[in-house]
Amino acid sequence: MINYQLLSQCPVFMGIPDSENKNLLQQIHFQVKKYEKDEVVVHAGDEVTFLYIVLSGSVRGEMIDYSGKTVKIEDIEAPKPLASAFLFGKENKFPVTVTANNNASLLAIPVAEFLKLLQLNTRLLRNYLNNISTRAQFLSQKLHFLSFKTIKEKVAHFLLKQAGEKFHSFELKNTQQQLADLFGVTRPSLARVLGDMQNEGLIKIEKKTVTLLDKKRLNDLLRNG
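Numbering (the UniProt record's numbering), first residue to last: 1 to 225.
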């Protein structure tokens, strides 16, 4: 059973009335696939044969190197699509391994059937083009982030981005373990770096509130890295 009200919040189907989305899907073949917690949805390198959209629960995208080290790229919650920018092209393979964070259900639309949808509805076509452009920008930013060599540089970049140009404080929504996964380091290593940055007068952490005490020095870390 598809929640069409939720589907209308998906970047690809956004702005299209629930009844119209229901009518569109009635004109194609699709599946709803269910996954249990920690079950692999797709492996990195698998060919992208479906447009997947998370209908319930959440999944995570991770890169795993040859040594077995895992770097979390992002969590994907309902109703977001998976690897929408990789449906077409010469190398249309999943760039990351996708695993269910909890019990999850995904809408799976074969690529050929999704092409029919794009031809049936211009709003959907425009949404899709906007979505893949946004994803390309996200991946570009992620590559920039991964180019930082030290944990301190990665933390500085993350904190500066969260605070933005105008603010010096923000509420941290991630747990320390989630941040460690994001940076591809152990939790003790991250805790040590955060402690060092506080001792150096760069930041102050009080419960969930992070204050950047010296933005200039934090930016210098990135320029000199």
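Incorrect hints may have been included.
[What the hints assert, rightly or not] Here are the simulated BS3-like cross-link-like pairs (lysine-lysine), alpha carbons at most 27 Å apart as the crow flies:
1. K116 x K90
2. K215 x K173
3. K22 x K34
4. K37 x K204
5. K22 x K142
6. K116 x K69
7. K116 x K161
8. K93 x K142
9. K116 x K152
10. K93 x K152
11. K22 x K33
12. K90 x K149
13. K22 x K90
14. K33 x K116
15. K204 x K142
16. K116 x K173
17. K142 x K90
18. K80 x K216
19. K142 x K69
20. K161 x K204
21. K90 x K161
22. K173 x K93
23. K80 x K90
24. K204 x K80
25. K152 x K204
26. K204 x K215
27. K142 x K116
28. K166 x K204
29. K69 x K22
30. K216 x K173
31. K166 x K152
32. K166 x K116
33. K37 x K90
34. K116 x K149
35. K22 x K72
[As the list claims (entries may be wrong)] Taking CB as the label site, the calculated pair distances span:
36. S189 x R217: 32 to 42 Å
37. I205 x S133: 14 to 24 Å
38. R192 x S19: 27 to 37 Å
39. V111 x L213: 42 to 52 Å
40. D196 x S19: 28 to 38 Å
The set of hints was computed from the structure by calculation and includes no laboratory data. The beta-carbon is built from N, C-alpha and C at its ideal position, and this holds for glycine as well.
Check your understanding: Which of the numbered hints above does this structure break?
Key -> Hint check: 4, 5, 6, 7, 9, 10, 12, 13, 16, 18, 21, 22, 24, 27, 29, 32, 33, 34, 35, 36, 37, 38, 40 fail, others pass.
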